[in-house]
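**Student:** Residue numbers (the UniProt record's numbering), protein chains in the order written: chain A, 1 to 379; chain B, 1 to 379.
Hints may contain errors.
Because identical chains cannot be distinguished in the list, a pair is counted as satisfied if it fits within a single copy or across any two copies.
Stated by the list, open to error - Pairs of lysine-lysine residues, derived as BS3-like cross-links and limited to a Cα-Cα distance of at most 25 Å, are as follows: (1) 87 - 306; (2) 332 - 75; (3) 103 - 50; (4) 87 - 210; (5) 371 - 188; (6) 3 - 75; (7) 50 - 318; (8) 300 - 368; (9) 173 - 300.
Since the hints were derived computationally from the structure, they do not count as laboratory data.
There are 2 protein chains.
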Amino acid sequence: MSKRYTLLKKEGKARRGRFVTPHGTIETPVFMNVGTLAAIKGAVSSMDLKEIGCQVELSNTYHLHLRPSDEVIYKMGGLHSFMNWDKPILTDSGGFQVFSLAKMRKIKEEGVYFNSHIDGSKIFMGPEESMQIQSHLASTIAMAFDECVSNPSTREYVERSVDRTTRWLERCKIEIDRLNLLPSTINKEQMLFGINQGGVYDDIRIEHAKTITKMDLDGYAIGGLAVGESHEDMYRVIDAVVPYLPEDKPIYLMGVGTPENILEAVDRGIDFFDCVLPARNGRHGSVFTKNGKINLLNAKFQLDSKPIDEGCQCPACKSYTRAYIRHLFKAKELLALRLCVLHNLYFYNKLMADIRDALDGGYFKEFKEEKLKQWNLNA
Amino acid sequence: MSKRYTLLKKEGKARRGRFVTPHGTIETPVFMNVGTLAAIKGAVSSMDLKEIGCQVELSNTYHLHLRPSDEVIYKMGGLHSFMNWDKPILTDSGGFQVFSLAKMRKIKEEGVYFNSHIDGSKIFMGPEESMQIQSHLASTIAMAFDECVSNPSTREYVERSVDRTTRWLERCKIEIDRLNLLPSTINKEQMLFGINQGGVYDDIRIEHAKTITKMDLDGYAIGGLAVGESHEDMYRVIDAVVPYLPEDKPIYLMGVGTPENILEAVDRGIDFFDCVLPARNGRHGSVFTKNGKINLLNAKFQLDSKPIDEGCQCPACKSYTRAYIRHLFKAKELLALRLCVLHNLYFYNKLMADIRDALDGGYFKEFKEEKLKQWNLNA
């Protein structure tokens with residue numbers, strides 16, 4: 001395999017990199033914009049995504065398998081064609097959703113038996129099934145099928161679970177290599193990222209990181225964080241694990257987080273992020289500004305003629321006032337959701353661009369301290 | 001007053017015209033895109049409206065008076081500034097909504113006492129109040145405050161109602177003239193359209209048309225149609241009334257209708273249209289095509305890789321397939337609504353542009369017959 005990831009610059013542990021994919025180059029650190037069901041919630045289209053600076057879209061294997069089914073998406077030419085997005089797409093493996101959404105799940109060595117959260121129907125998903133679905137979806141990057149244990153869990157449970165996740169990863173690798181060779185496969189260069197697990201037990205995390213690093217995957221994720229543990233635990237685990245992941249591969253911190261979390265994690269060597277937070281917050285009128293979060297439903301914005309965030313170049317801020325968007329929420333007009341989701345995703349994408357600039361310019365530490373101070377002022 | 005309306009060409013009774021306003025020129029016949037609460041339902045923004053060829057946006061006095069209040073919009077600089085739309089806006093008078101939405105209404109000579117459909121609070125609206133609210137909203141065109149009687153109503157009731165509507169129109173004219181002279185008024189060139197009423201009684205309609213024509217207003221609407229009567233009654237009334245309205249002013253058929261209705265009405269001399277139908281249909285997956293209406297929720301579109309309407313240049317058709325939009329509906333993704341509303345409004349705006357071209361080229365009759373035939377083929 002040709003070298004995909006290039007580490008361009010380091011400042012402390014923070015990494016400025018570049019990741020080359022068949023669907024275009026990703027400048028890192030990057031925030032992936034979440035479109036669970038092949039669409040960003042809040043009536044945001046793939047055209048909008050380009051306008052707000054999205055580099056990578058993320059969709060969910062579990063959700064798309066249930067609806068409309070990966071078979072449909074395969075027949076429609078894969079996710080890129082289906083949702084009209086030609087840049088990189090990462091699909092998660094379904095592992096997290098099986099453990100957070102599905103009902104009546106039974107974990108066996110072969111995989112997980114569970115009931116659909118939509119209609120209760122029985123479904124089996126194991127490493128091979130997850131890879132087959134993701135191959136159908138034809139995403140740029142497939143994630144390994146893992147068990148995401150909730151925090152806290154007992155040491156004994158986590159150890160057994162991590163061992164199984166390792167065996168599942170080996171099966172994922174074999175299966176994706178097989179699928180990428182099939183003539184019927186849409187994306188024959190689909191990449192695989194492994195996922196480090198181990199709860200909040202640093203030593204289990206480190207042992208697991210060492211094990212999966214040997215497998216020479218396209219990238220490595222840290223999973224099972226932001227699932228109940230404290231921020232201190234999260235940062236400590238990242239500090240512990242990152243040194244044991246390969247420096248020449250991107251590192252993805254799954255499902256994290258707030259702008260503050262992202263700055264702290266970049267500072268600890270993370271390259272990829274995703275989180276539903278900005279879109280979810282936006283749908284409730286909670287928007288990010290350079291001076292912290294505000295909620296547009298607040299009565300004080302009724303006559304506020306300022307944009308959500310002064311100086312922001314997102315489609316919402318270039319055209320509309322806080323007063324107008326507040327009215328849209330009160331009037332239950334869907335445009336309210338769309339404008340706030342656009343703004344929040346733009347805020348995240350712009351934050352990442354600013355982080356990259358800071359790393360390029362060698363002033364990331366100062367940038368981080370200044371941002372944390374600004375955001376907390378009005379928090 | 002300078003001459004605002006120019007009749008450019010006639011084909012039979014069908015009129016190709018041009019209407020000059022302080023917010024830009026309107027090419028007629030025109031379909032106004034309805035944004036009841038200062039936003040088009042389905043997360044469509046004023047930026048989107050420009051992309052889909054909207055010439056005139058229409059908002060509702062009654063709704064905006066209740067939420068966010070005309071006072072708020074006045075303080076925000078008027079509707080144009082509030083919703084970031086610099087082209088013409090027509091506001092209806094609230095008359096229709098008072099009679100279709102409000103509860104416990106009492107009609108008196110001075111106006112109507114009613115309860116808000118939102119919180120039940122008591123409100124009074126008469127001709128002066130309607131004009132004051134519309135002056136606050138600062139729309140390009142204000143509509144007269146009238147009583148919209150439902151069909152059928154007794155001859156006696158309609159006669160009394162129409163007489164009152166005439167007296168209300170006189171009061172509207174006096175009030176808007178006064179308001180347009182106030183230094184605090186945002187749009188001092190706000191225009192007033194009178195509304196012809198009379199149910200399905202041709203003679204009452206004609207007498208009323210003669211009376212209001214004498215008042216030299218900026219335009220004339222035919223109201224009280226598409227409220228329960230048959231299409232035959234509607235077309236007959238239009239045929240009866242249009243000859244008694246001034247040829248040098250635009251004629252607006254309120255709340256109508258289907259693409260077929262529009263062709264028939266243009267053929268009878270109508271210049272302005274508005275209707276919630278395309279946006280409402282779109283939100284339910286019902287979309288217009290050159291071969292008639294289809295519903296994207298239908299299972300047969302599950303793997304359909306065609307756009308909603310082949311050859312259509314709307315933002316939805318340029319980027320997305322029927323299969324994708326169907327999936328969005330099934331997955332309850334709001335983007336589904338937005339794409340279908342954009343398509344349907346584009347379809348209407350494009351239909352009007354094609355009608356204008358046909359009138360310019362002198363082939364409107366053929367155009368009309370061909371369209372009616374095409375649409376009915378698959379209806």
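**Student:** Each of the hints needs a verdict: does it hold here or not?
**Tutor:** For each hint, the structure was consulted:
In the homo-oligomer, the alpha carbons of residue 87 and residue 306 lie at most 25 Å apart only across protomers (22 Å), although the nearest pairing inside one protomer, at 33 Å, exceeds that limit. Taking identical chains as interchangeable, the C-alpha atoms of residue 332 and residue 75 lie at most 25 Å apart only when they sit on different chains, with a minimum of 22 Å there against 37 Å within one chain. When the C-alpha separation of residue 103 and residue 50 is checked against a cutoff of 25 Å, the pair qualifies neither within a copy, at 36 Å, nor between copies, at 46 Å. For the homomeric pair residue 87 and residue 210, neither the shortest alpha-carbon distance inside one copy (31 Å) nor that between copies (63 Å) is at most 25 Å.
Taking identical chains as interchangeable, the C-alpha atoms of residue 371 and residue 188 are never at most 25 Å apart, the minima being 41 Å within one chain and 47 Å between chains. For the identical chains of this complex, residue 3 and residue 75 are neighbours neither inside a copy (31 Å) nor across copies (59 Å), given an alpha-carbon limit of 25 Å. When the C-alpha separation of residue 50 and residue 318 is checked against a cutoff of 25 Å, the pair qualifies both within a copy, at 16 Å, and between copies, at 15 Å. Proximity of residue 300 to residue 368 under the C-alpha cut-off of 25 Å is found in neither arrangement, the shortest distances being 30 Å within a copy and 53 Å between copies.
Neither within a single protomer nor between protomers do residue 173 and residue 300 lie at most 25 Å apart by alpha-carbon distance, with minima of 55 Å and 37 Å respectively.
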